[in-house]
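Participant: First to last, the sequence lines map onto chains A and B. Going by full-length UniProt numbering, 271 is the number at position 271 of the first sequence; the sequence numbering is gapless. Going by full-length UniProt numbering, 273 is the number at position 273 of the second sequence; the sequence numbering is gapless.
Simulated from the structure, these hints should not be mistaken for lab results.
Taking lysine-lysine pairs in the BS3-like style, the calculated list, with each CA pair at most 25 Å apart, reads:
| no. | chain 1 | residue 1 | chain 2 | residue 2 |
| --- | --- | --- | --- | --- |
| 1 | A | K132 | B | K23 |
| 2 | B | K109 | A | K160 |
| 3 | A | K132 | A | K321 |
| 4 | B | K109 | A | K158 |
| 5 | B | K33 | A | K158 |
| 6 | A | K292 | A | K211 |
| 7 | A | K132 | B | K109 |
| 8 | A | K93 | A | K51 |
| 9 | B | K109 | A | K344 |
| 10 | B | K23 | A | K158 |
| 11 | B | K47 | A | K160 |
| 12 | B | K195 | A | K355 |
| 13 | A | K360 | B | K249 |
| 14 | A | K360 | B | K195 |
| 15 | B | K249 | A | K355 |
| 16 | B | K109 | A | K338 |
| 17 | B | K23 | A | K94 |
| 18 | A | K93 | B | K109 |
| 19 | A | K132 | A | K158 |
| 20 | A | K130 | B | K109 |
| 21 | B | K109 | A | K355 |
| 22 | A | K158 | B | K47 |
| 23 | B | K195 | A | K344 |
| 24 | B | K33 | B | K47 |
| 25 | B | K23 | A | K160 |
| 26 | A | K94 | B | K109 |
| 27 | A | K338 | A | K355 |
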Amino acid sequence: MANKPIVDFEAIKNNLSNVSKPIQVLNENAEITDQEIFDTFSDDDLVEFMKKMVWERALHEQTMNFSRQGRMGFYAPTEGEEASEMGTVLAMKKQDYLLPAYRDVPQLIQHGATVTEAYLWSRGHVVGNKFKARSMMPQIIIGAAYVEAAGVGLGIKKNKEEDTIAFTYTGDGGTSQGDSYEGMNFAGAYQAPVLFIVQNNGFAISTPRVKQTAAPTLAQKAVAAGIPSVQVDGMDILACYAVAKAARDYMVAGNGPVMIETLTYRFGAHSSAGDDPKRYRTKEQEQPWFEKDPLIRLRKVLEDKGLWSEEQEDKLVDEYKASFKEAIKEADNVAPDKVSDMLKRTFEIPTPEMKQEIDKFEAKESK
Amino acid sequence: MAKKTYIQAITDALDIVLEDDPKTLIFGEDVGKNGGVFRTTQGLQDKYGEDRVFDTPLAESGILGLATGLGLTGWRPIPEIQFMGFSFEAVDQIAGQLARMRFRFDGLKNAPVTIRTPYGGGTHTAEMHADNLENFFTGIPGLRVVMPSNPYDAKGLLISSVENNDPVLFMENLKLYRSMKDDIPDGKYTVPLDKANVVREGNDITIVAYGAEVNEALKVADTLAEKNVSVEVIDLRTVSPIDTETIFKSIQKTHKVVIVQEAQKMAGVGAQVASAIAEGAILSLDAPVGRVAAPNSVYPFALGEDIWIPRAKEIEEKVNEILNY
Ligand SMILES: Cc1ncc(C[n+]2csc(CCOP(=O)(O)OP(=O)(O)O)c2C)c(N)n1
Numbered sequence: 001m002a003n004k005p006i007v008d009f010e011a012i013k014n015n016l017s018n019v020s021k022p023i024q025v026l027n028e029n030a031e032i033t034d035q036e037i038f039d040t041f042s043d044d045d046l047v048e049f050m051k052k053m054v055w056e057r058a059l060h061e062q063t064m065n066f067s068r069q070g071r072m073g074f075y076a077p078t079e080g081e082e083a084s085e086m087g088t089v090l091a092m093k094k095q096d097y098l099l100p101a102y103r104d105v106p107q108l109i110q111h112g113a114t115v116t117e118a119y120l121w122s123r124g125h126v127v128g129n130k131f132k133a134r135s136m137m138p139q140i141i142i143g144a145a146y147v148e149a150a151g152v153g154l155g156i157k158k159n160k161e162e163d164t165i166a167f168t169y170t171g172d173g174g175t176s177q178g179d180s181y182e183g184m185n186f187a188g189a190y191q192a193p194v195l196f197i198v199q200n201n202g203f204a205i206s207t208p209r210v211k212q213t214a215a216p217t218l219a220q221k222a223v224a225a226g227i228p229s230v231q232v233d234g235m236d237i238l239a240c241y242a243v244a245k246a247a248r249d250y251m252v253a254g255n256g257p258v259m260i261e262t263l264t265y266r267f268g269a270h271s272s273a274g275d276d277p278k279r280y281r282t283k284e285q286e287q288p289w290f291e292k293d294p295l296i297r298l299r300k301v302l303e304d305k306g307l308w309s310e311e312q313e314d315k316l317v318d319e320y321k322a323s324f325k326e327a328i329k330e331a332d333n334v335a336p337d338k339v340s341d342m343l344k345r346t347f348e349i350p351t352p353e354m355k356q357e358i359d360k361f362e363a364k365e366s367k
Numbered sequence: 001m002a003k004k005t006y007i008q009a010i011t012d013a014l015d016i017v018l019e020d021d022p023k024t025l026i027f028g029e030d031v032g033k034n035g036g037v038f039r040t041t042q043g044l045q046d047k048y049g050e051d052r053v054f055d056t057p058l059a060e061s062g063i064l065g066l067a068t069g070l071g072l073t074g075w076r077p078i079p080e081i082q083f084m085g086f087s088f089e090a091v092d093q094i095a096g097q098l099a100r101m102r103f104r105f106d107g108l109k110n111a112p113v114t115i116r117t118p119y120g121g122g123t124h125t126a127e128m129h130a131d132n133l134e135n136f137f138t139g140i141p142g143l144r145v146v147m148p149s150n151p152y153d154a155k156g157l158l159i160s161s162v163e164n165n166d167p168v169l170f171m172e173n174l175k176l177y178r179s180m181k182d183d184i185p186d187g188k189y190t191v192p193l194d195k196a197n198v199v200r201e202g203n204d205i206t207i208v209a210y211g212a213e214v215n216e217a218l219k220v221a222d223t224l225a226e227k228n229v230s231v232e233v234i235d236l237r238t239v240s241p242i243d244t245e246t247i248f249k250s251i252q253k254t255h256k257v258v259i260v261q262e263a264q265k266m267a268g269v270g271a272q273v274a275s276a277i278a279e280g281a282i283l284s285l286d287a288p289v290g291r292v293a294a295p296n297s298v299y300p301f302a303l304g305e306d307i308w309i310p311r312a313k314e315i316e317e318k319v320n321e322i323l324n325y
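Generate the whole structure from the sequences, applying the supplied hints.
Facilitator: Structure below.
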């Protein structure tokens, strides 16, 4: 028997791990690692990026406060993911479609929903779903956004809408769902303009990324669907923006879909419903990520350039938080939903038995 | 007018809606060049092009997700699930996403999707193909379930379903596909959704049925007519929602009722009809509600179907029992 195996599976397996380094513009010491890309941003751009991240962090802090006061419904914390969320969403244009997951409420607001609507969505009031933006509401079913995004992408293509794409998000856990592969595969098969973004924050609730899949990167899950994909430093807003923008430009030129994996971290709990990350994460493991805080990184660059100060930031945070307090007051003033309205909105043309039910509830509600 | 099979009537309807509205799209597994595994979409790709009638990758959740997304961007999709038994793969997209779209957007947006799928037994298909899943899908608020019993209704109901802005699950009976012909008007006509049809008038007892069982009930009515028993037969046509008004009116005349379904007895359409009668018309009854349904087993393998699916003989027995109560 010959010693040479017919296939060297080990070599093939090792080859899977030969992937490029995640794309980065600013490293964790706030050193510029890609001067050429960095130079494409004006001072105003850099300040704008910082403001957006400060806004998202303030939104998170104030919303957590409201949550502790019992004033919120479901809320998925975003602290730590600002670069990934704001960086990618800032590459969107108004006419683009957004198919967000539950942790992507800040992007939904950036794309046209009001904070009041976001709060009403969190509480479970239908008015929270009535935003004017081209967007789905935050998706709770993991993977579902990906298959729907394929349809939205094909719709855009069929409508011959120029300069328009669909953005959709899921997490590292979401890439294990069959739907996420079906969505990418459909979009690939139809060359539909969909930007699939995986925000890999290391955990699906408590399940670490390594238990999710043996694939060396999540980005390469797109390869089987024939879709180009990259990993990006998800704590570097400049890299996240630049890559999302490049992907969008590539797609509006008539090329098919793209997938981006952002390497990020959720600093706090999975949701505000009492999950305790200490049960599945250690201090030692978390510390390096805290040091990669996207706000610290960009703040340092801006301060060095004399474009940012602590006072300026504090003032902004106060302004933002005041606006969120206004928003929740507005939400408090929205009249509760009625059963008769729920029945009315179930079908465009109410069924005969529904008409009877509507009459019954309207009579009750008018008392 | 021309004599047409159930399949030809459906193809007719699809041709009309594609012609009428450039936003309508047909897609699914093998619906293009192959015209679907039953040839229901035969010729449509040739006529309307690959942009309007196209094959998808093999993934039911993907197909329904595609439909949801296309609906959201202004299209009117008519996806096909090749066999109803495969619809479980798409349940989240149908029940969790599509059927809730209008409700979630408070009417701002909707998803005018008509899902076509063949169902039902008696054709000896392979396992997992022939399930009668209407019991399961009629439990979904926001989704209409339409089940035509003959070629005329199939065409008219399919056109109504596609033109309706709410999602519809349009179930096509496998056995009827080629076993039944009707005179079908050429061109467009519609049959209303949400309305049952009194297909035969009678005074002694009412049979409420839908799908292929309507034809079995009509056979029973013929047989009993020879014995001077006058049977009224109601075809539900839409099984969610159920047109209770037509049923109550009939019972007020006949005072006796037998409900027939091809699906398992548990939960579902027949149970819904019986409970509606208990709520709304019980005092009109002179006898208990009679029910004929398949037993509550898992759907049988091909060779078990013929003894499992209730046919005219079982219906006649039950009708006699209720008449003689
Ligand atoms: C289909 C489905 N299964 C399970 C859940 C429950 N669930 C909610 S969040 C979550 C973890 C998701 O992790 P990931 O995709 O990594 O996103 P992240 O929360 O980290 O942003 C699970 C299992 C769900 N929402 N949907």
